[in-house]
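K.L.:
Take the given structure of chain A and dock chain B to it, following the hints.
Order-wise, the sequence lines are chains A and B. By the numbering used here, the letter at position 68 of the first sequence is numbered 68, and the numbering carries on one by one without gaps. Basically the numbering used here = 1-based index in the second sequence + 1000.
Just to be clear, a hint being listed does not mean it is correct.
[As the list claims (entries may be wrong)] So, partial list: chain A residues that the calculated Cβ filter (under 10 Å) puts toward chain B: (1) V4; (2) K9; (3) S12; (4) G16; (5) Q38; (6) L46; (7) I51; (8) S52; (9) W92; (10) G96; (11) S97; (12) L99; (13) F101; (14) G102; (15) T108; (16) P111.
These are calculated hints, taken from the structure and not from any lab test. Yeah, the Cβ is synthetic: ideal placement off N, Cα and C, and Gly gets one too.
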Amino acid sequence: AQRVTQPEKLLSVFKGAPVELKCNYSYSGSPELFWYVQYSRQRLQLLLRHISRESIKGFTADLNKGETSFHLKKPFAQEEDSAMYYCALSGWETSGSRLTFGEGTQLTVNP
Amino acid sequence: DGGITQSPKYLFRKEGQNVTLSCEQNLNHDAMYWYRQDPGQGLRLIYYSQIVNDFQKGDIAEGYSVSREKKESFPLTVTSAQKNPTAFYLCASRTGTNTGELFFGEGSRLTVL
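Same shape as in the complex, but just chain B:
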């Protein structure tokens, strides 16, 4: 079954802890993305990666980190430096073209207690 898989679906963490969200795709897509979805603010780009071992900051990268060691995987770490980490996080991928369709995962909801 091809697509994008995000895990975990729900995650709770205490303040001061780092947490890593997983994103895996088997669509052979070059580009991968992390967005944060908040009510009334739409989707805001955190980081994106066009190829393996390369990634760029999006609009709200502060307090987040990523890696792209494999084409299929693009994990996101929410660090303790992120001031307001409670949110819904979406991972997506697409082919490396300007007109390519973006395929989304089901999302991960992070709650900081």
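Bound conformation, chain A alone:
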């Protein structure tokens, strides 16, 4: 079984402050982890994936297999970062194309 947990449903920070959105997972094999974002009135879209090891819009995420975590971080939050963020896991060995999402974290960046 594969499972994704995002412990914070709501997160509020001030502009310029660091932000970290937590994601923990359980999966017995080698997972692929993703962060998806949904801005107001827009479609859900990919923000970044761990295999790319890239920084998108200033966000980074590191896969920590020891802690089974894939937290999303940004050193200086901007107001346009306000959105719903979902962590997702794909586990090919046991689940094929199945993609499991967490409960989501609503981030609000205050001016």
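P.N.:
For chain B alone, kept in the frame of chain A given last:
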């Protein structure tokens, strides 16, 4: 214009009626998905299909049915057996790889009166 199209955007139905939500993609993706999005519960997987004529149950398949007769199409039927069908439904697709990006439709909001 490539992408995923869901229809209808809004749908009302009476209790006891079945309703079918359409999902079409022209991205030539192998895998297609249906999720249900409820406040505070995130996206929960209803059904997914890796190839034509094959599909698997997700976490909340009870009361739903799907078909995958064509690569481009993956319709979802919400049956009268679904106890709490009022929700926002999202269709998505991706290439048949583990690292592929998921592309989402705009969603269909179903309200049962």
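K.L.:
All the hints need checking, so say for each whether the structure fits it.
P.N.:
Structure-based check of each hint:
{"no.": "1", "hint": "V4", "result": "holds (8 Å)"}
{"no.": "2", "hint": "K9", "result": "holds (6 Å)"}
{"no.": "3", "hint": "S12", "result": "violated (17 Å)"}
{"no.": "4", "hint": "G16", "result": "violated (29 Å)"}
{"no.": "5", "hint": "Q38", "result": "holds (9 Å)"}
{"no.": "6", "hint": "L46", "result": "holds (5 Å)"}
{"no.": "7", "hint": "I51", "result": "holds (5 Å)"}
{"no.": "8", "hint": "S52", "result": "holds (8 Å)"}
{"no.": "9", "hint": "W92", "result": "holds (4 Å)"}
{"no.": "10", "hint": "G96", "result": "holds (5 Å)"}
{"no.": "11", "hint": "S97", "result": "holds (4 Å)"}
{"no.": "12", "hint": "L99", "result": "holds (6 Å)"}
{"no.": "13", "hint": "F101", "result": "holds (4 Å)"}
{"no.": "14", "hint": "G102", "result": "holds (6 Å)"}
{"no.": "15", "hint": "T108", "result": "violated (15 Å)"}
{"no.": "16", "hint": "P111", "result": "violated (25 Å)"}
Going down the numbered hints, you'll see the structure goes against 3, 4, 15 and 16, while the others check out.
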